[in-house]
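Those protein sequences? They're chains A and B, same order as listed.
Under the working numbering, think of the first position of the first sequence as 4, with each following residue one higher.
Under the working numbering, think of the first position of the second sequence as 4, with each following residue one higher.
Hints listed in this document are in silico derivations from the structure and should not be mistaken for laboratory results.
None of these values were measured; they are calculated from a predicted model.
The reader is advised that the hints may include incorrect statements.
It does not matter which identical chain is used: a pair holds within one copy or between any two.
What the hints assert, rightly or not - Once the Cα atoms are required to be at most 20 Å apart in a straight line, the calculated EDC-like pairs of lysine to aspartate or glutamate come out as: (1) LYS466 to GLU8; (2) LYS495 to GLU572; (3) LYS495 to GLU576; (4) LYS573 to GLU455; (5) LYS478 to ASP168; (6) LYS116 to ASP183; (7) LYS556 to GLU588; (8) LYS465 to GLU142; (9) LYS495 to GLU318; (10) LYS596 to ASP252; (11) LYS34 to GLU142.
There are 2 protein chains.
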Amino acid sequence: MKKEELYRRLEKEILIFDGAMGTMLQQSGLKAGECPEAMNLHHEESIFQIHRKYVEAGCRIIQTNTFGANRIKLDLYGLADQVEAINAKGAAIARKAAGEGCLVAGDMGPIGKLLSPLGPLSYEEAYHTFYEQAKALIEGGVDLINIETMSDIQEAKIAVIAAKDAGDVPVICTMTFQKDLRTLTGTDPETAAAILEALDVAVLGANCSFGPDMMINVLERMYKITKKPLIVQPNAGLPKLVNGETCFDLSPEEMAGYAKTLVAAGANIIGGCCGTTPGHMEAMAKTLSGEKPIQRQTITCSKLSSGSKTVFIDEALPYNIIGECINLTGRKHLMESVRENNFHVIAKEAQSQVTAGAQIIDVNMGIRDGMVREETAMVNGIMAVQRAVDAPLSIDTVNVEVMEAALKVYRGKPLLNSTNGEDASLDRVIHLAKRYGAAILGLTLDQQGIPETVEKRFHLAKKIVNRAVKAGIPKEDIFIDTLTLTAGAQQKWVPDTLKTLRRVKEELGVRTILGVSNISHGLPNRRDLTAAYLAMALEAGLDVPIINPYEEKIWAVLRSANVLTGRDEKAQEYIRWASEKVEAERSKEQKVKKESL
Amino acid sequence: MKKEELYRRLEKEILIFDGAMGTMLQQSGLKAGECPEAMNLHHEESIFQIHRKYVEAGCRIIQTNTFGANRIKLDLYGLADQVEAINAKGAAIARKAAGEGCLVAGDMGPIGKLLSPLGPLSYEEAYHTFYEQAKALIEGGVDLINIETMSDIQEAKIAVIAAKDAGDVPVICTMTFQKDLRTLTGTDPETAAAILEALDVAVLGANCSFGPDMMINVLERMYKITKKPLIVQPNAGLPKLVNGETCFDLSPEEMAGYAKTLVAAGANIIGGCCGTTPGHMEAMAKTLSGEKPIQRQTITCSKLSSGSKTVFIDEALPYNIIGECINLTGRKHLMESVRENNFHVIAKEAQSQVTAGAQIIDVNMGIRDGMVREETAMVNGIMAVQRAVDAPLSIDTVNVEVMEAALKVYRGKPLLNSTNGEDASLDRVIHLAKRYGAAILGLTLDQQGIPETVEKRFHLAKKIVNRAVKAGIPKEDIFIDTLTLTAGAQQKWVPDTLKTLRRVKEELGVRTILGVSNISHGLPNRRDLTAAYLAMALEAGLDVPIINPYEEKIWAVLRSANVLTGRDEKAQEYIRWASEKVEAERSKEQKVKKESL
Ligand SMILES: [Zn+2]
Ligand SMILES: [Zn+2]
Ligand SMILES: [Zn+2]
């Protein structure tokens with residue numbers, strides 16, 4: 004099945020997904036300690052009957068009995084060699100049960116081991132494990148892949164990448180949240196949605212977690228920030244022990260009572276997780292019969308995410324900056340620590356920048372002396388920084404191998420800083436962004452360097468944007484940097500940077516990023532010049548400055564610009580800050596006066 | 004004769020103007036103490052013969068024997084009632100002598116008394132005196148009026164206004180310079196040219212003064228800054244006493260030796276003053292036979308002038324600011340001094356602003372309490388300020404009567420601050436600007452207030468520009484102010500001001516002025532917000548901020564912006580300033596350290 008086909012259905016109807024398999028399996032004779040997925044091989048008819056009940060209940064997507072059918076989990080039952088057989092069979096049973104008009108989703112759950120550095124699992128191992136299962140499911144005939152009950156966003160990412168590699172079917176991915184509305188490893192609904200959207204899943208959402216009441220909030224938060232259709236599969240309320248057995252407290256009718264609210268919160272596909280039965284799904288299906296999905300939000304804001312936090316970049320929101328200080332060039336103590344393979348210093352630099360106000364942290368591990376491999380330094384740097392701060396990162400390298408290595412360990416949706424108008428770089432970086440779910444930063448230069456005219460610089464920006472859009476990267480994930488030259492040595496071309504920036508913003512409809520500090524390189528009193536240039540660049544349409552967050556003057560500019568561009572409504576934030584500043588100056592003066600008495 | 008006809012001739016040829024009349028008159032029997040112009044009545048034939056000699060020498064413009072034929076000068080000879088007769092007769096004689104192809108200029112010299120406050124002459128008295136003479140000359144049949152040997156720019160202004168009122172012939176005006184290349188009352192060649200150009204004379208230049216060698220420099224300086232054709236009438240070198248008689252040291256051939264250099268310096272009309280004879284002019288005419296004028300400069304820079312200094316406003320030059328502090332609203336000590344008719348405080352405020360770096364001073368004498376007439380305060384304010392500083396002024400009032408009263412006493416080319424899109428204001432202010440030689444500032448509002456959209460604000464700007472251009476005001480004398488609203492109370496419309504400004508600058512091709520300080524009205528820590536807004540406005544295309552020059556932060560922005568927009572080549576000025584600043588901070592720190600030891 005193609006994604007477009009699924010999307011056409013989702014426009015017209017709320018699809019009812021099936022409910023729990025586990026409870027039904029126990030009723031069908033699954034013993035404790037037995038492998039549930041092995042039943043595909045030995046109890047085909049039982050599985051078929053469970054599927055049929057859901058189909059008859061009115062479900063329009065049923066999923067294969069393959070939740071734990073990956074090599075690592077099956078190996079616990081000594082069934083590592085049955086991966087293909089179990090998944091293929093699971094697909095075949097469901098296919099047969101589905102009949103006309105009902106879709107089959109190949110179910111994939113977590114591997115059950117944590118990824119490095121939290122656990123023993125490497126990117127490659129996880130990838131191959133998911134790939135193998137997905138391939139078997141797809142070749143077995145499923146219409147789509149459903150990656151579910153994910154509690155680690157990094158694992159979900161790898162599963163999505165692998166599933167998409169395995170075949171051309173829509174991939175759905177749902178995360179499981181805890182009561183604090185974060186996943187076990189700390190991802191909130193917006194961040195999950197941002198990351199999964201960037202990976203271009205067909206549908207994203209949440210499953211398991213809790214009952215439908217709390218799911219409403221998760222859905223609403225996702226709906227607000229993503230264009231993707233949403234799926235929700237709540238449990239049948241809260242678990243309770245009745246006669247030593249775990250039951251759930253919502254009856255089919257009670258659960259169905261939430262159905263329209265879930266639709267109103269943005270759900271396109273509604274199923275059930277733990278405790279739900281064909282009865283629950285039948286009640287749901289009846290309630291939602293003829294129900295249409297609500298209109299999708301028009302989302303134009305840009306999003307960058309760490310594993311646990313999303314930064315929104317939008318004309319209506321206060322400016323964010325990218326802290327530029329993790330850069331080995333000219334920073335001896337950073338360089339030395341990297342040489343000594345001590346990344347605490349790098350992590351601390353990230354923390355200090357966040358404390359100073361940076362919302363996004365650039366990580367540049369470019370080293371020219373050949374004593375440290377950039378790739379090793381970058382991977383270690385990214386890991387150290389993402390452990391230390393929850394700010395999204397900008398992976399700053401022109402080397403695409405280094406970039407890919409960083410992408411494999413990064414948990415969030417980073418900025419790829421950078422590509423440019425050179426075909427080779429452009430195609431490879433776009434490919435990485437699509438594959439790993441990242442935003443890209445395109446510099447207006449190519450193999451010939453920076454063009455001498457605004458027109459030619461703009462043309463390169465246009466080329467980058469067109470190429471990325473054609474490859475399927477949404478405009479909000481494309482940023483252009485029109486390259487700040489130094490006012491000292493290249494004064495003549497300084498205005499061109501802002502002229503090009505303005506055109507890019509106005510004519511190409513993408514957002515802009517600019518390294519600002521370079522403007523004052525080599526001049527005395529850099530602060531004033533940099534601050535003035537920053538203000539001018541913001542007026543020209545700069546969205547995100549890359550800058551030194553420790554410099555107080557830039558904050559005065561940013562806070563002012565927030566007021567002047569309507570990003571700080573009623574100047575509330577400015578007034579708060581200004582009043583503190585005025586107060587601080589006053590008490591400083593009084594202190595000086597007292598001392599001089 | 005129409006100006007266009009004169010211009011057509013000036014495109015094709017260098018016009019030879021005649022030489023001295025005085026020396027020739029003495030040779031024709033003029034006695035010491037006799038009125039030279041009375042000879043028109045009693046020695047018609049002698050005057051005719053002098054003219055003929057110049058015509059036969061090859062002159063293509065001869066001027067009437069009416070240099071001192073104004074009521075005030077003639078009154079010294081008891082001939083006040085002969086003004087019309089002497090001028091009319093002078094015109095008739097010259098006309099008869101000129102024949103075909105030679106033009107007759109009605110000669111008008113200074114009144115011989117100083118204008119108030121330097122002397123007893125009022126604007127009205129001077130105006131009527133010049134008007135009467137010019138009227139008689141024009142009715143007597145001259146082709147054009149030549150106002151010459153002016154050493155006070157204010158008197159020249161009044162003469163030009165009166166001559167233009169008297170009839171529709173081209174008006175030429177030449178100033179006389181001293182060895183320091185300033186007129187007796189301090190006007191330099193650029194400033195003379197700027198003021199006379201704004202008065203829309205047909206041709207401007209210099210006469211008398213000194214020999215042709217020093218005239219070259221005067222011409223060159225005028226040529227660089229004005230689009231007007233230039234006239235030069237040097238003396239025949241330096242005066243010397245030979246046998247008790249004043250002679251001049253350049254022979255006709257020596258004088259003619261400078262002819263081509265004068266043309267190369269920009270002269271379109273070349274004549275002679277003291278010591279020149281038909282012989283000199285014949286040599287000139289021969290040398291310049293077939294010579295063509297050099298191409299006119301394309302002048303696009305804006306100019307505002309006091310009587311002694313011109314400020315140039317151009318994208319290639321450092322930013323100028325208009326000091327906003329002479330404004331009675333909310334400034335109690337200024338208000339009180341004006342009430343007490345003590346304008347020293349106003350004058351001092353002007354000086355302080357110039358010391359702080361303001362290049363142009365705004366004078367606003369708007370008082371709401373009715374105790375002082377705005378017109379009186381404005382006239383006294385303008386007189387006090389123009390005596391105290393040489394910065395050009397911005398006459399800040401919406402009352403056109405007050406504006407005209409100020410224009411009558413102002414010696415330079417001011418900015419009329421302001422008009423707007425309302426027809427009544429627009430037509431009257433444009434009329435005043437044309438008449439008195441001023442630049443105008445048009446605000447993008449009308450009787451309905453400030454429009455709510457960028458489009459409508461821009462439309463008002465366009466209306467103002469079109470109306471002014473149609474009335475003959477050159478674009479460089481039209482400024483638009485798109486009106487800064489307060490970020491505190493009108494945040495929503497703040498971006499519109501800069502959007503409109505940018506469109507005005509880009510699409511209408513006029514320069515922009517903006518009151519900047521209003522942005523932070525009512526907010527705490529106004530400095531940072533104002534400074535950031537200033538930088539953003541400069542990027543949006545602001546040419547001249549109206550601002551508080553005492554605020555240090557704005558200078559950091561202006562100096563930075565000069566670097567960033569290429570107005571401070573190689574950042575030389577910035578580096579000088581920044582080095583001083585860094586040095587000052589260092590020694591301050593050391594002082595603090597020493598004290599704390
Ligand atoms: Zn569950
Ligand atoms: Zn003379
Ligand atoms: Zn003369």
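Taking the hints in turn, this is what the structure says about them:
1. In this assembly of identical chains, LYS466 and GLU8 lie within 20 Å of each other by CA distance neither inside one copy nor across copies; the values are 31 Å within and 56 Å between.
2. In this homomeric assembly, LYS495 and GLU572 come within 20 Å of each other (Cα to Cα) only across copies, at 9 Å, whereas the closest approach inside a single copy is 37 Å.
3. With identical chains, the CA atoms of LYS495 and GLU576 are at most 20 Å apart between copies only, with a shortest distance of 16 Å across copies and 37 Å within one.
4. For a Cα distance limit of 20 Å, the shortest separation of LYS573 from GLU455 across copies, 19 Å, qualifies, whereas the shortest one inside one copy, 42 Å, does not.
5. Proximity of LYS478 and ASP168 under a CA criterion of 20 Å is satisfied in neither setting, with 24 Å inside one chain copy and 64 Å between copies.
6. In this assembly of identical chains, the alpha carbons of LYS116 and ASP183 never lie at most 20 Å apart, being 23 Å within a copy and 92 Å across copies at closest.
7. In this assembly of identical chains, the alpha carbons of LYS556 and GLU588 lie at most 20 Å apart whether taken from the same copy (15 Å) or from different copies (16 Å).
8. Taking the closest pair of Cα atoms, LYS465 and GLU142 never come within 20 Å of each other, the shortest separation being 40 Å inside a single copy and 68 Å across copies.
9. In this assembly of identical chains, LYS495 and GLU318 lie within 20 Å of each other by CA distance solely across copies; the values are 13 Å between and 30 Å within a copy.
10. In this assembly of identical chains, the alpha carbons of LYS596 and ASP252 never lie at most 20 Å apart, being 70 Å within a copy and 73 Å across copies at closest.
11. In the homo-oligomer, the alpha carbons of LYS34 and GLU142 never lie at most 20 Å apart, since the shortest distance is 29 Å inside one protomer and 125 Å across protomers.
Checked against the numbered hints given earlier, this structure breaks hints 1, 5, 6, 8, 10 and 11; the rest are met.
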